[in-house]
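Trainee: In case you want the letters, here they are:
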Amino acid sequence: MNKNIDILENPALKLENLYIAYGKTDKYAVRDVSATIKKNAITAIMGPSGCGKSTLLRAINRMHQLYPDVKTQGNIYLNEKDITKMSAIHLRRKIGMVFQRPNPFPTMSIYDNVVAGYKLNGIRMKKNERDAIVEQSLISVGLWNEVKDSLRKKGTFLSGGQQQRLCIARAIAFKPDVILLDEPTSALDPIATSKVEDLLVQLKKDYTIVLVTHNMSQAARISDYSMFMYLGDLVEYGKTKMMFTNPRDKKTEEYLTGKFG
Amino acid sequence: MGQKNNKKMETLKLKDNSAYRTSKDKVFLVGVIIVSIITISPIVLIIGKLVWEGIGQINFSFFTETTPSTFEAMTAVANNEVIPGGIVNGILGTLLIVGLASVIAIPIGILVGLFLYENQQSRYAGLIRSLSDILQGVPSIVLGLIAYLWVVKNIVHGYSALAGSVALAIMMLPLIIRSTEETMKMIPETLKEAALALGVPYYKVIARVLIPSGFSGLATGILLSVSRILGETAPLMLTTLGNPMVNWDITAPTSAVPLLIWNFYNDPNMLSLIWSSSLFLMGFVLTLNIISKRIVAKI
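Protein chains in written order, with our numbering: chain A, 1 to 261; chain B, 1 to 299.
The shape of chain A in the complex, shown without the other chains (with noise of 0.2 Å):
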């Protein structure tokens, strides 16, 4: 794919022809992906529905481990190292996701779901170092103001786009390299979509960003870079700014300017 920028030096993810299938059809939902993600930056995966763009998110953190069905093949990277060669937790720790409906878990608190990685993880610490991270957590997804007083109330009495800063509060809390998001902002309505786009603008400075969309705008919006993937495969990469103004690909250019997907 001599289309595509791969001269990323230090790259914070690199794919190498990656395939991925489901069951046991030829039929690839991801066919030959190479690409280099860059570190502190935006990286949004567009296409039309079934391109396999969340498909390929989910690689990235193994998800795919969890269903049988599904036949990766090709090498991610991170970092320099082989994915496959960690153990899928601690690769998931390194690696937040971020899902496309809120999902903070129902029997814990807003607190409790912020530090639910060290949690879950049976990670101990003191209290007030988890004082520290619920607090700090909850400021970076400016959540903070608006939950201070109910820590102690269940997660999902929030509001969705509420919800959903949760749920990046989450992921973050857990200090990853990068977090995956699966089009975060699908089930969210216009003002907490903003919120959502502003708040990960604000997060690549420290973290290395992957968004799955289907809302191009959105990826024009926030993304440094754009991949776009039609039927399986990667068609363009580059910086978003070059490809929404002068795609280098026909597909890409039909797609952008809206005659099909």
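Think of the hints as simulated: they come from the structure by calculation, not from any bench. Virtual Cβ for every residue (Gly too), placed ideally from N, Cα, C. Any given hint might turn out to be false.
Partial selection, computed: residues in chain A whose CB lies under 8 Å from chain B [claimed, not checked]:
| id | residue |
| --- | --- |
| 1 | Asn61 |
| 2 | Ile89 |
| 3 | His90 |
| 4 | Gly96 |
| 5 | Phe99 |
| 6 | Arg101 |
| 7 | Asn103 |
| 8 | Phe105 |
| 9 | Pro106 |
| 10 | Ala116 |
Position chain B relative to chain A; hints supplied.
Mentor: Just chain B now, with coordinates in the frame of chain A:
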């Protein structure tokens, strides 16, 4: 041309038969009311009869004293008095037997239910699922016989609470397995993924996310299975035998409320104790059912 034809057909169909429909509606309404009354009347009649006949015997000593002897009961009946004594040996025996059965069945049932949930597609899980369904259909007297053979003849060498608990635990198992599996299926997959994405090991995801999230469902299943076995009589006849005294030894014969009802039935002097014991048992089962309904409504 076509339009004209359509119009004609519509006008032909438009006959006002709303009067017929209204009357049909009424007939069905009456029918449904009658059928529903038929459905609920047994439970109303049962509770009414039990309260009517049994409430007179329910007093403080009913819950604190053991069963009276035939002679005591006969004297009381002859003098038109309330039969002395109570069924505390049966109540405590039931608690012992059912408690022990729960201790055996709950962990096994939940673990098997979790296994079935985690391995939906596997053939071995399918086999376990079918066998557990078959187990549910085994007559309780047969389970009593099996527990008699296993525990009474070969382990304890005598009638015992333990033998009864084994029989009842086998009855509880399929109910708990099914309810655990169904409960776990209701928990959204995204919750599991959320926990795994935080790098939580799988066993901790189950123990600290899935089970707490499905807690009310699990509790409901357990309560329903307990209320299902509370009234079991046949397996207990072959295993725990009965005991006129309060017994806490799981290797000794033990009484239970349904066994006492059977004993009272066979003793013409103790007729009114049948009703009060049945009322107690019914009330116990009903309470458990209502609690489990409440838990379901809370979700």
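Trainee: Each of the hints needs a verdict: does it hold here or not?
Mentor: Comparing the hints with the structure gives:
A hinted interface residue such as Asn61(A) counts as satisfied when its beta carbon comes closer than 8 Å to some beta carbon of chain B; here the least separation is about 6 Å, so the hint holds. At a threshold of 8 Å, the smallest CB-CB gap from Ile89(A) to chain B is about 5 Å, leaving the interface hint in force. Hint status for His90(A) relative to chain B: holds, with the closest Cβ pair at about 7 Å, below 8 Å. Interface restraint check for Gly96(A): the shortest CB-CB distance to chain B comes to about 7 Å, inside 8 Å, so the restraint holds.
Hint status for Phe99(A) relative to chain B: holds, with the closest Cβ pair at about 6 Å, below 8 Å. Proximity of Arg101(A) to chain B holds as hinted, the smallest CB-CB distance being about 6 Å (cut-off 8 Å). Look at Asn103(A): its Cβ gets to within about 4 Å of chain B, closer than 8 Å, so that hint holds up. Interface hint at Phe105(A): satisfied, since its Cβ lies 6 Å from the closest Cβ of chain B, which is below the 8 Å cut-off.
About 6 Å separates the beta-carbon of Pro106(A) from the nearest beta-carbon of chain B, less than 8 Å, and the hint is met. The beta carbon of Ala116(A) comes within 6 Å of a beta carbon in chain B, closer than 8 Å, and the hint placing it at the interface holds.
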